[in-house]
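J.: If you want the building blocks of each chain, they are given just below.
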Amino acid sequence: MKPDSVIIELSPRFEVGAKKALQNTQLRRNMGKATQTIRAKRSAVVDEKSDWQALREAGWQIKADVMAQLDTYLVQLEAAVTAAGGVVHWARDAREANHIVTELIRQTGTNEIIKVKSLTTDEIRLNEHLEEAGIQAIETDLAELIIQLANEKSSHILVPAIHKNRSEIRALFQKAMNLPDLTDEPKALAAAARQYLREKFMSVKVATSGANFAIAETGSVCVVESEGNGRMCLTMPDVLITVMGIEKILPKWQDLGVFMQLLPRSSTGERMNPYTSIWTGVTPGDGPQQFHLVLLDNGRTSVLADAVGRQTLHCIRCSACINICPVYERTGGHAYGSVYPGPIGAILTPQLVGTAHASSLPYASSLCGACYDVCPVKINIPEVLVHLRGQVVAEKQKTLAGALDVEAWGMQGLATVFANRRAYEAAQSAGRLAQWPFVNDGYIDQGPGPLAAWTAMRDLGAIPQQSFRSWWRERQKHEQ
Amino acid sequence: MSSSRDAMLHRIRHAVANGVRQSQHPTESAAYEVHDQLDAPQRIAQFAHRVEEYKAWVGECDTSAVARMIAQRLAVHGHRTLVLPHDFVQMWRPEGYELIEDDHLPAAHIAASDGVISTCALGIAQTGTIVLDGGVGQGRRMLTLLPDYHCCVVPASLVVGTVPEAFARLESVIGDRRAPMTFISGPSATSDIELNRVEGVHGPRTLEVIIVRDA
Amino acid sequence: MNVALFITCFNDTLFPNTGKAVVEILERVGQQVVFPEEQTCCGQMHFNTGYQQAAMPLIRRFVDIFTPYDAIVSPSASCVGMVREMYRYAAEVQQDTQLAERVAQLADRVYEFSEFLVHKLAITDVGAYYPHRVTYHPTCHSLRGIRVGDAPERLLRAVRGIDYVPLVGAAECCGFGGTFAVKNADTSMAMLSDKIRHILDTRAEVCVAADNSCLMHIGGALHRQRSGVQIAHLAEILVAQEG
Chain R
1 MKPDSVIIEL
11 SPRFEVGAKK
21 ALQNTQLRRN
31 MGKATQTIRA
41 KRSAVVDEKS
51 DWQALREAGW
61 QIKADVMAQL
71 DTYLVQLEAA
81 VTAAGGVVHW
91 ARDAREANHI
101 VTELIRQTGT
111 NEIIKVKSLT
121 TDEIRLNEHL
131 EEAGIQAIET
141 DLAELIIQLA
151 NEKSSHILVP
161 AIHKNRSEIR
171 ALFQKAMNLP
181 DLTDEPKALA
191 AAARQYLREK
201 FMSVKVATSG
211 ANFAIAETGS
221 VCVVESEGNG
231 RMCLTMPDVL
241 ITVMGIEKIL
251 PKWQDLGVFM
261 QLLPRSSTGE
271 RMNPYTSIWT
281 GVTPGDGPQQ
291 FHLVLLDNGR
301 TSVLADAVGR
311 QTLHCIRCSA
321 CINICPVYER
331 TGGHAYGSVY
341 PGPIGAILTP
351 QLVGTAHASS
361 LPYASSLCGA
371 CYDVCPVKIN
381 IPEVLVHLRG
391 QVVAEKQKTL
401 AGALDVEAWG
411 MQGLATVFAN
421 RRAYEAAQSA
431 GRLAQWPFVN
441 DGYIDQGPGP
451 LAAWTAMRDL
461 GAIPQQSFRS
471 WWRERQKHEQ
Chain D
481 MSSSRDAMLH
491 RIRHAVANGV
501 RQSQHPTESA
511 AYEVHDQLDA
521 PQRIAQFAHR
531 VEEYKAWVGE
541 CDTSAVARMI
551 AQRLAVHGHR
561 TLVLPHDFVQ
571 MWRPEGYELI
581 EDDHLPAAHI
591 AASDGVISTC
601 ALGIAQTGTI
611 VLDGGVGQGR
621 RMLTLLPDYH
631 CCVVPASLVV
641 GTVPEAFARL
651 ESVIGDRRAP
661 MTFISGPSAT
671 SDIELNRVEG
681 VHGPRTLEVI
691 IVRDA
Chain P
696 MNVALFITCF
706 NDTLFPNTGK
716 AVVEILERVG
726 QQVVFPEEQT
736 CCGQMHFNTG
746 YQQAAMPLIR
756 RFVDIFTPYD
766 AIVSPSASCV
776 GMVREMYRYA
786 AEVQQDTQLA
796 ERVAQLADRV
806 YEFSEFLVHK
816 LAITDVGAYY
826 PHRVTYHPTC
836 HSLRGIRVGD
846 APERLLRAVR
856 GIDYVPLVGA
866 AECCGFGGTF
876 AVKNADTSMA
886 MLSDKIRHIL
896 DTRAEVCVAA
906 DNSCLMHIGG
916 ALHRQRSGVQ
926 IAHLAEILVA
936 QEG
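Residue numbers (the numbering used here), protein chains in the order written: chain R, 1 to 480; chain D, 481 to 695; chain P, 696 to 938.
Just so you know, the hints here were simulated from the structure itself, not pulled from any lab data.
Hints are supplied without guarantee of correctness; some may be wrong.
For lysine-lysine, the following DSS-like pairs were computed, each having C-alpha atoms within a straight-line distance of at most 27 Å [to be verified]: (1) P/K878 x R/K19; (2) R/K41 x D/K535; (3) R/K153 x P/K878; (4) R/K20 x P/K878; (5) P/K715 x R/K477; (6) D/K535 x R/K33; (7) R/K187 x R/K33; (8) R/K19 x R/K153; (9) P/K878 x R/K396; (10) R/K49 x D/K535; (11) D/K535 x R/K187; (12) R/K398 x P/K878.
Hey, can you work out the whole structure from these sequences and the hints?
T.: Structural data, given as structure tokens:
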């Protein structure tokens with residue numbers, strides 16, 4: 001069942017969106033440059049850590065423990081946050097979370113909030129919901145601001161405007177901020193954003209954020225960022241509302257010692273990100289005097305229930321898998337039609353909304369395994385992709401159209417052939433015979449049926465006259 | 481609301497019943513590095529070097545020279561009016577500058593100053609990070625956030641080697657007074673434009689660090 | 696040691712010369728090779744495309760056929776990866792403990808061809824002579840799946856007369872990915888075009904890999920472009936001798 005009121009644009013299938021994106025030369029250039037840059041930075045700061053594999057293993061184990069005892073840790077977190085002066089809310093789905101946040105904002109009497117970049121609030125489409133309620137949400141992260149000004153959707157979980165280059169950003173800012181003389185120097189662009197948002201930070205009374213981590217034993221919440229917009233939102237307003245997926249919890253304070261090494265190095269390729277804020281409830285005289293923590297399920301407990309898929313919840317949203325992915329590098333994020341693009345999106349999205357609603361995403365990968373190699377918490381993404389493909393096929397076969405599907409018939413037919421040596425050998429001979437109208441100088445350049453997708457772009461070597469096994473048999477005969 | 485709580489907890493219990501439940505928290509047995517292999521001078525040198533790599537200016541002096549070094553830096557930038565926490569060490573305060581102690585200062589006053597001077601709770605050598613926890617000489621979070629210039633005085637004795645060591649030391653702070661913390665690694669920066677790090681967005685665009693040698 | 700050749704259905708049908716080369720090299724270094732003729736397919740294509748129920752009989756069949764042998768050697772890193780990594784997972788998902796046990800006992804004895812030579816037999820020089828300019832593409836399953844490390848390159852560097860040129864961006868996928876090449880043909884081709892560019896930049900005559908499936912993909916584009924660059928399985932280089 002698809003959870004209520006979720007999230008994700010699943011209009012075109014991945015291959016349709018991808019085909020369109022692949023033709024955008026500017027996008028290809030921007031994505032190629034950005035991913036090459038970040039890969040080099042990541043590998044430099046990961047390679048200098050001789051204990052990296054031990055850190056990954058610790059990250060995996062801590063998260064496995066979280067998943068096994070999630071109920072206990074959530075109750076513990078709730079008690080600690082409450083004791084520190086915060087208020088904890090529970091939201092089963094996007095609708096409940098949006099409702100809670102809207103009501104909390106309404107109670108303050110304001111119709112304007114500032115936001116720290118948060119995937120979780122993107123996932124539940126908080127901004128759109130608030131707009132309907134007459135509340136304007138101002139994104140304060142530079143990339144989110146760019147996207148908001150361009151009226152576009154994010155294409156990367158960490159750098160939502162990764163698909164835009166500096167001159168495109170300049171053009172946007174020139175118009176939106178009325179700065180005709182703005183240059184495309186990144187420093188100048190950043191300064192423009194600083195000026196544009198400063199007044200908001202000084203005056204707006206309510207902020208929302210997500211959470212990178214929350215510590216069950218202490219009730220502390222952690223936000224990792226670069227620009228200082230996070231510090232602003234977490235410090236300046238009177239009221240802070242944090243929306244957090246339930247899987248973001250860590251059992252102990254000490255666990256941050258592991259994750260604050262894994263995350264920055266995997267994410268922006270830095271030894272440490274510029275700013276990390278950690279707060280525990282409310283502190284008199286320092287920061288917001290009202291703190292609300294909204295714990296969001298929105299399909300996560302369904303993911304948890306799947307013994308193979310569960311590891312997806314280990315994700316700390318670093319984006320290393322996205323940056324390394326050769327598919328993402330070429331298609332960009334919009335082709336995935338989800339708040340979560342790239343390899344992690346290809347496994348998370350179908351699990352959150354149900355494979356029936358995102359059936360092309362588990363196939364948006366060549367299973368090259370680069371994502372698994374770089375994942376700081378060792379999520380075996382290829383394994384989960386294959387697992388989800390199994391679910392897609394099983395679901396398809398339940399329908400009439402699925403049962404009549406050409407691919408399904410072909411696969412079943414081949415499996416029957418492979419299950420019997422004689423049938424297999426007969427099929428080898430039949431294939432050799434059937435191909436002759438198409439073979440030209442040992443190659444097929446215009447294949448029939450399913451081969452056409454292959455030969456549209458590449459030639460196909462013809463089946464040779466003698467199979468290996470027939471050669472082997474001859475050889476055995478001669479030796480006797 | 482409580483029904484959502486019960487429903488979620490129920491769903492979780494149902495979900496994890498299908499799988500391993502005997503998972504152990506691994507902190508005790510972990511094989512990752514907790515302590516570095518450096519001696520104290522090497523560690524300070526690493527700290528200084530890594531802070532500099534974030535394009536922050538780093539100086540080092542004896543405790544008696546801190547006030548003079550701060551004054552030199554302020555002169556370089558032409559700063560005149562500085563805010564600082566009320567409990568910032570007297571002997572480190574530069575002479576000849578307008579120093580405004582934060583006694584419930586309005587945010588606009590803090591923002592309008594030329595900069596802020598503070599000390600810190602910890603330094604982390606391996607990552608070039610300074611940690612503020614609202615303790616003595618650090619003030620509330622707003623104070624070190626709004627001004628465009630931040631000069632942070634870091635006593636060498638407060639520099640630890642690794643990130644896990646830092647969290648171990650900070651555990652008592654969290655336990656005792658639930659203080660909000662800020663980890664600062666270089667000046668405000670963004671990687672949002674073509675994934676290149678450029679300095680200077682909303683936090684202080686200039687960060688300077690003065691390491692105070694052990695007496 | 697009795698060495699069973701796991702040829703794979705793909706090589707058996709489409710690349711018989713690779714199999715012949717493997718047999719010749721293994722015999723050259725003193726191994727007795729047998730070919731269990733009942734073998735057909737390991738089930739990888741079915742399994743990875745999502746037809747996991749259809750793959751189960753093939754998996755069980757494979758385990759039955761190959762369990763009697765001391766070592767099982769295959770010229771396909773990808774099919775070896777299927778047996779070593781995914782069989783365990785398949786048994787787990789089926790909750791078939793008996794199969795899981797049999798897979799656990801079998802998996803360690805299944806070797807990719809280059810890893811069998813270099814890691815198991817400690818041989819890097821198989822007496823080959825190949826006076827051509829060659830580059831090597833480490834396929835994803837050999838590099839990250841079963842981690843053969845530098846075994847193929849060590850074998851290549853020991854070949855007399857060879858002009859070995861490393862490939863830029865070698866670790867990146869060529870875009871094959873089994874049915875990915877058809878289901879996402881456009882993206883697959885976009886990945887392949889970069890791989891081809893790097894191969895052409897080496898000015899090599901031959902592009903070598905440890906998997907004919909990826910080579911079929913790469914070779915299909917090289918041939919379509921009339922690039923004048925050939926593909927060859929590692930074994931086909933190693934089998935070449937002087938005279």
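J.: Does the structure keep P/K878 and R/K396 at a Cα separation of 27 Å or less?
T.: Since the Cα atoms of P/K878 and R/K396 sit roughly 16 Å apart, the hinted pair holds (cutoff 27 Å).
J.: Is the hinted pair R/K153 and P/K878 satisfied, with a Cα-Cα distance of at most 27 Å?
T.: It holds: about 26 Å lies between the C-alpha atoms, which stays within 27 Å.
J.: Hint check: R/K398 vs P/K878, CA-CA at most 27 Å. Holds or violated?
T.: Between R/K398 and P/K878 the Cα gap is close to 21 Å, so the pair holds against 27 Å.
J.: Taking 27 Å as the top limit, are the C-alpha atoms of R/K187 and R/K33 close enough?
T.: With a Cα-Cα distance of about 19 Å, the restraint between R/K187 and R/K33 holds, given a limit of 27 Å.
J.: Going straight from one Cα to the other, do R/K20 and P/K878 come out at no more than 27 Å?
T.: holds (15 Å)
J.: Hey, D/K535 versus R/K33, does the alpha-carbon distance stay inside 27 Å?
T.: holds (24 Å)
J.: Between the alpha carbons of R/K19 and R/K153, is the straight-line distance 27 Å or under?
T.: holds (18 Å)
J.: Given the hinted pair P/K715 and R/K477, is their alpha-carbon gap at most 27 Å?
T.: holds (16 Å)
J.: Does D/K535 lie within 27 Å of R/K49 when you go C-alpha to C-alpha?
T.: holds (22 Å)
J.: With the threshold set at 27 Å, check whether the alpha-carbon distance from P/K878 to R/K19 stays at or below it.
T.: Status holds; Cα separation ~12 Å.
J.: Next pair to validate is D/K535 with R/K187; report whether the Cα-Cα distance is within 27 Å.
T.: holds (14 Å)
J.: Taking 27 Å as the top limit, are the C-alpha atoms of R/K41 and D/K535 close enough?
T.: holds (16 Å)
In summary, the structure agrees with every hint in the numbered list given earlier.
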